[in-house]
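S.K.: Residue numbers (the numbering used here), protein chains in the order written: chain A, -1 to 84; chain B, 286 to 469; chain C, 812 to 1160.
Please note that the accuracy of each hint is not assured.
[Unchecked claim] Below, a sample of chain B positions facing chain C; criterion: calculated Cβ distance under 8 Å:
| no. | residue |
| --- | --- |
| 1 | Pro302 |
| 2 | Ala305 |
| 3 | Val306 |
| 4 | Pro309 |
| 5 | Val310 |
| 6 | Pro316 |
| 7 | Ala329 |
| 8 | Glu355 |
| 9 | Gly361 |
| 10 | Phe394 |
| 11 | Phe417 |
| 12 | His420 |
| 13 | His422 |
| 14 | Tyr440 |
None of these hints come from the bench; they were simulated from the model.
Using N, Cα and C, we set each Cβ at its ideal position, and we do this for glycine too.
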Amino acid sequence: MNLDDPAVAAAVDEIGRFLRADGADLLLVEANPKTARIHLRLVLDTVGCEECVLPPAELRETITDALQRRVTGEFELWLDDPRAPA
Amino acid sequence: MTRMTDTILVRRPTAAPAGAVRAPVFDLRRPIAGVHVGIRTDGAWRSWRLIAHVWDEYLRRDGAHTNLVETGGMVGQTGANDRKHIEELANSVDCAIVGLGTCGSCTTFTIKDSVVVESKEKPVVAVVTEEFEVHGHNVATHLGHGDLKILVLPYPLEARPEAELRAIADEFYPRALELLGVSE
Amino acid sequence: MTLAAEQVEVSADPREQYERAIVERWSDGVPLLPATDDAVEALLAATPYPGDHALCVLPPSNGVATVELIAINAAMAGVEPAAFPVVIAALEAISEPEWNAFGLTTTTSSVFPMLLVNGPCRDELAIDYRAGCMGGAAGRGSMTIGRAVSLCLRNIGGQRAGETTKTVFGQPARFGFCIGEWEERSPWPSLAERRGYSAEQDVVTVHGGKGTYPLADIHNDDPRDLLYLIAKSVAFPLSNMYLGHAENGEVVVAFNPMWAERFGVAFPDVDDLQQYLRANAWQPIDLWPGPNQQILRERGRVDADGRVHLVARPDQIVPMVCGGLGSLHAIALPSFGESQMQSHPVLRP
């Protein structure tokens, strides 16, 4: 599996560009090939309109789709979304 | 179409099976009266336990002394205890009847335990059922005891009713004595 | 290097080699690679043992397994040199007396050595431990190491179904079964660590397994409930482990990583997890028909509450973490019973 940083970074950047238009951002915390975990964090500190950002479930689906197009093999997505229940 | 006619050299991957050496077998060459006979049963097979007890009764009727040992373990403490009991049995008797081989691994261990007795230069009969006769002979050969005497009982045996098992015990008792080399 | 095994001239054509291997009875039915001197010598260079070292005797025919003969079979299976020491370690474990190769290679049961690998070599050698690890992932290490061991048992030990082994059905693992543990996703120490090895060591543990027994649940996320159901499932009434002594044998239970994480929260100490599984791995004596009940009672398998426990001790239920991230499933590897799993470190020059 190619859970390498460039592939994951490219996916994060694709979604990040889209989020940055609304003042949010997506950060790569860690992509660990040994555990097959991709840990991302949604940043809403500078967002102007929180409702404009994709809802949590839809955002997760969009990120997963972007990752699956670039990463071969299985992975587990950990997404820290301040809006989602803990 | 291109046909490859060249050859290459490879190494043969097989090993020769053990069994070139055949250990001697032994006969009692005397009447059964006064002989110490060991009988090994197996906790897995009630049918054999019944047959063995019938033979035990007949042997004592005919003047022999008997010692019954039941096994069932192959590894761990139970396996170690069983192998120790077989060693003790083999040391203490004049001859032995060892059963029952009526599955793959239990046949293997029946033969293995029989070889312990034969290695002490004593007469022994390994008891297996028909389905496992060839397997029993193979295992004995690979242990270097290809001439080990094997008594073959009908198969299947385990689920037969008691009356049938007693009839089988009666039928095969003389054969067991014959294989032990009992003489008149 | 002088090799001792007989040289055989075969066609260079792969299809003719396949036919010849069948005629010679070297074959497991699937095409083999030619065991040329180059291939064999490359493997021998990867082990500290000399080629003429008699590693063990393999039943049922008690053929002597020299390291050279093992290398020949490994070359046929496509084992790469770096993986050859794993094959050696597996055979060393198989030939430990308590593994009971003598019984397991001749039984009517389907049992066959199942290789469970720990250590850094898993990734280096493509030993599968993630999705499809028990079939489908197709890692070179998994497929060739397992097959090499199987070929050794066939060609050196003479184990042939219907001839020298009484196995009634066999099982798919007889082609070869070699998987790794997903140590990085396990909340507990690895199988090898629990058996006394360090995390840095490559270790092969050989389990006498009867097959892969699939378990699934899509309804319940509670870890204790799931583990209860797993315990009851592995204690199925026709388990081999009810035929012998409760003290012997182990059942391996492979948890997928998502379930393992959940179980690890409920049972951070693996000993407690094993205690819980053992405490629930039983069936009531009334489940069995009369004749079976009698045998179980005679063997002392029924406790004061009328329960027949699968195993005597918690350590006989052996958890390991592997498999994919789809969750929902576990797999048990039921034991033959009269066999104790054995571990051996992988030794390199």
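S.K.: Each of the hints needs a verdict: does it hold here or not?
M.R.: The hints, checked one at a time:
no., hint, result
1, Pro302, "3 Å, holds"
2, Ala305, "11 Å, violated"
3, Val306, "11 Å, violated"
4, Pro309, "19 Å, violated"
5, Val310, "20 Å, violated"
6, Pro316, "36 Å, violated"
7, Ala329, "7 Å, holds"
8, Glu355, "10 Å, violated"
9, Gly361, "4 Å, holds"
10, Phe394, "6 Å, holds"
11, Phe417, "7 Å, holds"
12, His420, "6 Å, holds"
13, His422, "11 Å, violated"
14, Tyr440, "12 Å, violated"
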